[in-house]
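Asker: Take a look at the letters that make up each chain.
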Amino acid sequence: MDMVQSDERSILTRAGLDALIGTLAARGYRVVGPKLRDQAIIYDDIAGVGDLPAGWTDEQDGGHYRLEQRDDNALFGYAVGPHSWKKYLHPPRLQLWSAKREETGFSISHEPETIPPFAFIGVRACEIQAIAIQDRVFLEGPHVDPHYQVRRAGAFIVAVNCGKAGGTCFCVSMGTGPCAKSGFDIALTELLPGTSEPIYVAEAGSEKGAEILSSLPGRAAQPAEIEAAEAVVTHTAAAMGRSLETAGIRDLLMSNLNHPRWDDVAERCLACANCTMVCPTCFCTSVEDASDLSGEEASRSRRWDSCFTMDFSFIHGGSVRASTKSRYRQWMTHKLATWIDQFDTSGCVGCGRCITWCPVGIDLTEEARAIRDAPAQEAKP
Amino acid sequence: MAAMPKPKLAVWKFSSCDGCQLTLLDCEDELLAVAGAVEIAYFPEATRGVVKGPYDVSLVEGSITTAHDAERIRAVRKQSKAVITIGACATAGGIQALRNFADVAAFTAIVYARPDFISTLATSTPIAAHVPVDFELRGCPIDKRQLIEVLSAFLAGRQPVTPAHSTCVDCKLAGNVCVMVAHGTPCLGPVTHAGCGALCPTYNRGCYGCFGPMESPNAKSLSARLSALGMDERALSRVYRTFNAAAKPFADEAERHGA
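Protein sequences, first through last, are from chains Y and X. Under my numbering, the letters of the first sequence match residues 1 to 381, in that order. Under my numbering, the letters of the second sequence match residues 1001 to 1259, in that order.
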């Protein structure tokens, strides 16, 4: 995305935000944003600001998520929920091709996908980093994933700088938030001036963003408003629910592969795979073939898979990682250590989803801390 | 190419409620395709017409609870090229396996006016405890999409896609909000074999474990969480004692809580 060399900030009201959503929809974007459903804030199609979870926040801890009413009308007064943008850019299930039997042989159809461009409203800084990580995985290696590419290509990103740190957030430790620095078209900071309606300090991060922003009803931001917006993220950064010491973490984990803590966490781990499903960077899939009863049609699909399933490491003779211990260790060492070797970045953005949505509340920051606090004396192989 | 004869399908019932074999009739949209792909040779629930064996594939519902059944399943095996067991009764002994943990003679004395007329085994056991089984399809009842998948895979000579991972995976693929984390609703999803498409959590209910234990269940850890959510020891012993009570990981966990 081209950065607009401009420090200009403008102010949008709730009506201005509604106009932004309307403008994006009118330009052919599929507008997706936060919404209330089943007592959580999830991502879904939205038609206007009326769909956003005004006045709601969340309380999060290991294995615990509850909505709570705020005493204001904030539209973005919560941390991230169970969904991530991954579900749009890297869908949970996707048919890759289908085939039909013909008189002689068969024909394969894999039509190029036509996907209307996405406009994501309310993308947090950690989520922008998660998208950047998946960009690296799917677009920047030797094998470009065409399905991710077609979904990612036209995506318009409206970031929101976090006004509230969640109970399991640790983006400050991972250096990914709570303020979006790049990778967005427009970034918003929500200001809650007392009893009046919230206003939004808006900043363009691309030419497209600047152009759309200039078409919206708004006004230039006052210096005090810009200062207030900076204070919002400073305050959020100081209120992180969790922290993770990342210094030397790759070597720490890789030199403690037989640490007793792995046995300890395996006692608690359900190997249910929830952590990997909610993780915004976990990208693994499994390919499945289907054929119909008549044997006339067949298809191949892929779906999210997880290093926590037995099938995932199944080769001739059985699963390579048969124990829960080996699967948890694989996940955490990949996420925090070998990801760095593979993709030159940590696989963790500090969003805290794996902690909140673990049914038994396993906390990777706590697991890493336990190893750091009592590293095993291990001879290097 | 001359038309190949269609594979002959038989459907057998042992101790069960018929719900699983009715799933075959419930395949309304696909039923014609099923009838087109196989010859339904023996299926008393659907037709009185009987085509004699041997059969290419036998779907077997129900558990073994009598000496007569234990004989009969051997006869079924003998005349079937492939035996596919369907449902919790056939794969784990079903809810009637609760008898395995109790005194059947005492039950029959209470329930029947003439208990001496009752000839039954002390246990309810899965089909695989008696004869070799080619494939086990889980569920109480089985899922109709999975049944079609198993039949389609059988016809194509490929492995059916019926993953043994947790129900949580399917729940997350569906985009559901976790009922345990977000609502505090007790849920067996993390220890339960996928297959239903996370039916109950999709409707904001906890999972009841109808598909039995997943591939590597950690019921002990889940129980600690369920206990923190307010389940007492009696409730914990009972939550694992339903349709798959005799499946070992569930039986062991129920026992740990005093069942």
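Worth double-checking, as some hints may not be accurate.
[Unchecked claim] Straight-line Cα separation of at most 30 angstroms, DSBU-like style, residue types lysine-lysine; simulated pairs:
| no. | chain 1 | residue 1 | chain 2 | residue 2 |
| --- | --- | --- | --- | --- |
| 1 | X | K1006 | Y | K325 |
| 2 | X | K1144 | Y | K100 |
| 3 | X | K1220 | Y | K100 |
| 4 | X | K1052 | X | K1078 |
| 5 | Y | K35 | Y | K164 |
| 6 | Y | K100 | X | K1008 |
| 7 | X | K1144 | X | K1013 |
| 8 | Y | K35 | Y | K181 |
| 9 | X | K1052 | Y | K100 |
| 10 | Y | K87 | X | K1144 |
Bear in mind the hints are in silico, worked out from the structure with no lab data behind them. Quick caveat, the model's predicted, so the values are computed rather than measured.
Asker: Given the hinted pair K1220 of chain X and K100 of chain Y, is their Cα-Cα distance within 30 angstroms?
Answerer: Violated, at about 48 angstroms.
Asker: Has the given pair, K87 of chain Y with K1144 of chain X, been kept, meaning a C-alpha gap of at most 30 angstroms?
Answerer: Holds - the C-alpha atoms of K1144 of chain X and K87 of chain Y are around 27 angstroms apart, at most 30 angstroms.
Asker: Against the 30 angstroms threshold, does the CA-CA distance of K1144 of chain X and K100 of chain Y hold or violate the hint?
Answerer: 24 angstroms, holds
Asker: Within a Cα-Cα threshold of 30 angstroms, do K1052 of chain X and K1078 of chain X meet the stated pairing?
Answerer: Holds, at roughly 13 angstroms.
Asker: Below or equal to 30 angstroms on CA atoms is what counts here, so check K35 of chain Y against K164 of chain Y.
Answerer: 17 angstroms, holds
Asker: Between the alpha carbons of K1006 of chain X and K325 of chain Y, is the straight-line distance 30 angstroms or under?
Answerer: 48 angstroms, violated
Asker: Holds or violated: are the alpha carbons of K100 of chain Y and K1008 of chain X at most 30 angstroms from each other?
Answerer: 25 angstroms, holds
Asker: Need the status of pair K35 of chain Y, K181 of chain Y: alpha-carbon distance at most 30 angstroms?
Answerer: Holds, because 25 angstroms separates the two Cα atoms, which is no more than 30 angstroms.
Asker: Starting from K1052 of chain X, check that the Cα of K100 of chain Y is at most 30 angstroms away, please.
Answerer: Cα-Cα ~35 angstroms, so violated.
Asker: Quick one, are K1144 of chain X and K1013 of chain X close enough, alpha carbons at most 30 angstroms?
Answerer: 17 angstroms, holds
Against the hints set out earlier in the document, violations occur for numbers 1, 3 and 9.
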